[in-house]
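Using the sequences and the hints, build the whole thing.
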Amino acid sequence: MTLAENLFENLRLELRRGCLTLAVLAQLRQEHYGYTLRKALAARGMEIDENTLYPLLRRLEAQGLLTSEWREEDKRNKRFYKLSADGHDIFARLLKEWNDINTAITNLL
Amino acid sequence: MEMLDRYLQAVRRHLPWRREDDIIAELRANLEAQLEDKEAELGHKLTGAEVEAWLKQLGSPIQVAARYQPQQYLIGPALFPIYRFLLRMVMGWCAVIYTIASTVEIVSRGLGPDASVRAVVQLPWVLFINAAVFTLIFAILERTGIKVPEKFVQGAAIGNEWPQAAVSSHLAQLDGRKKPKTYLQAVLELVVGWIVLVWLLLVPHYPFLLMGPGAIYLKVTPFELAPVWWTFYWCVVVLNMMELAWCIIDLLQDRWQDRHPRRHMIKQALDLLPLLIVLAAPGRVLFALKNPADTAHAATLAQINMWTYRGFAVIAAITILQLAWTLGRMGVETYRRRLAAQ
Chain A
0 MTLAENLFEN LRLELRRGCL TLAVLAQLRQ EHYGYTLRKA LAARGMEIDE NTLYPLLRRL
60 EAQGLLTSEW REEDKRNKRF YKLSADGHDI FARLLKEWND INTAITNLL
Chain B
0 MEMLDRYLQA VRRHLPWRRE DDIIAELRAN LEAQLEDKEA ELGHKLTGAE VEAWLKQLGS
60 PIQVAARYQP QQYLIGPALF PIYRFLLRMV MGWCAVIYTI ASTVEIVSRG LGPDASVRAV
120 VQLPWVLFIN AAVFTLIFAI LERTGIKVPE KFVQGAAIGN EWPQAAVSSH LAQLDGRKKP
180 KTYLQAVLEL VVGWIVLVWL LLVPHYPFLL MGPGAIYLKV TPFELAPVWW TFYWCVVVLN
240 MMELAWCIID LLQDRWQDRH PRRHMIKQAL DLLPLLIVLA APGRVLFALK NPADTAHAAT
300 LAQINMWTYR GFAVIAAITI LQLAWTLGRM GVETYRRRLA AQ
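Just so you know, the protein sequences line up as chains A and B, in that order.
When the letters of the first sequence are read in order and numbered with numbering that gives the first Met the number 0, they come out as residues 0 to 108.
When the letters of the second sequence are read in order and numbered with numbering that gives the first Met the number 0, they come out as residues 0 to 341.
Warning: the hint list may mix true and false statements.
What the hints assert, rightly or not - Derived lysine-lysine pairs resembling BS3-like cross-links, with alpha carbons at most 30 Å apart:
hint	chain 1	residue 1	chain 2	residue 2
1	A	K74	A	K38
2	A	K74	B	K37
3	B	K37	A	K81
Stated by the list, open to error - Covered by chain B, per the in silico footprint, the following chain A stretches (three or more residues, Cβ under 8 Å):
hint	region
4	23-30
5	39-52
6	76-89
Calculated directly from the structure, the hints in this document are not laboratory data.
For every residue, glycine included, the Cβ atom is placed at its ideal position computed from N, Cα and C.
This is the structure in structure tokens:
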């Protein structure tokens, strides 16, 4: 990887980092377990590596934005996540921030 | 499945032990579902080689487990700028002290070019060891800071109030006053004060701590310190202890933010004491001959005494000027406030 490509990759990852959280929160307005969440996000054009998504879910839960419960589905125990009450509130605020940024960037371009 | 089990077992070894069962159970459910999807997509059960390729694609077990660990820093972003600034300063001073000490040793003992080369070669090691100790101190501070982050990063918990804090701080500077001390600065002062005190107490037993390799010179020189130096030494120790006690009291009373300008002035005045002790030495004798009958070094001794005495007189004059400057500034500040109040 050249220096320019490396720089681009770092900036791209930096740009994506905050967006991923917003995407996950948006998708978890409906309940999902890790793998179906990943598939749902990918189906909407937001590919997330499993090594990023699964730990992110735990962090968001530890921060009180998600709730989870273990439940059996298809004869297998799975951990299902959804937005908590605080998560809904934070998501709404982040979404507004996102829209403001989007508008600002659009105005700039 | 056996290969997946082995993979998960390898991941488990690097997970935080309290949550490992929970994390592995979740990871297993997700990966098994992913595997089933893959098999359904391909229309056949994955072969050993295909499972192996898929697991390799997931990443090494250490990398996978590391994502579940909290982000850890040896020295985090809050402390790092202070660490970098102080490290540069410490390294600079180390290099200067080491160079002076080595030069003194080489010149006084008449050592050849070999000794000079050896001293230059050893310099990186001296710097490396000092940097390592300094880094260790900051790593400990970082660990402590993680436990009480709101005290270390002042304003981090304030959230939206930061512009006001910044404006107030700017105004305070314009106002001629310094910013309030942070908890980190107060703790650093205490740590540094403690290190200095320990260093001071060790110096009489280990003179190389003060003079470096030049300490050997003390053994071979025909001169010895006059008794006045012991009074000077204990005065310095007591002053350091007093300052350390002030730091501890401030921390215990949660008054570490205060700058205590009056106390600073008192300290400056007290700093004059050890200098005055030396200047008041009977007969201005600061060094004496180990062997009083040794007349060969009497002239050199007189010169050493004279120049040391003059050196201390200059230092005392500078300290008095500093004290006068501080007093003057305090006076102007009081006058300004009085005018502002009218």
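Structure-based check of all given hints:
no.	hint	verdict
1	A/K74 with A/K38	holds (20 Å)
2	A/K74 with B/K37	holds (18 Å)
3	B/K37 with A/K81	holds (26 Å)
4	23-30	violated (count 0)
5	39-52	holds (count 3)
6	76-89	holds (count 3)
Hint 4 from the list above is the single one not met by this structure.
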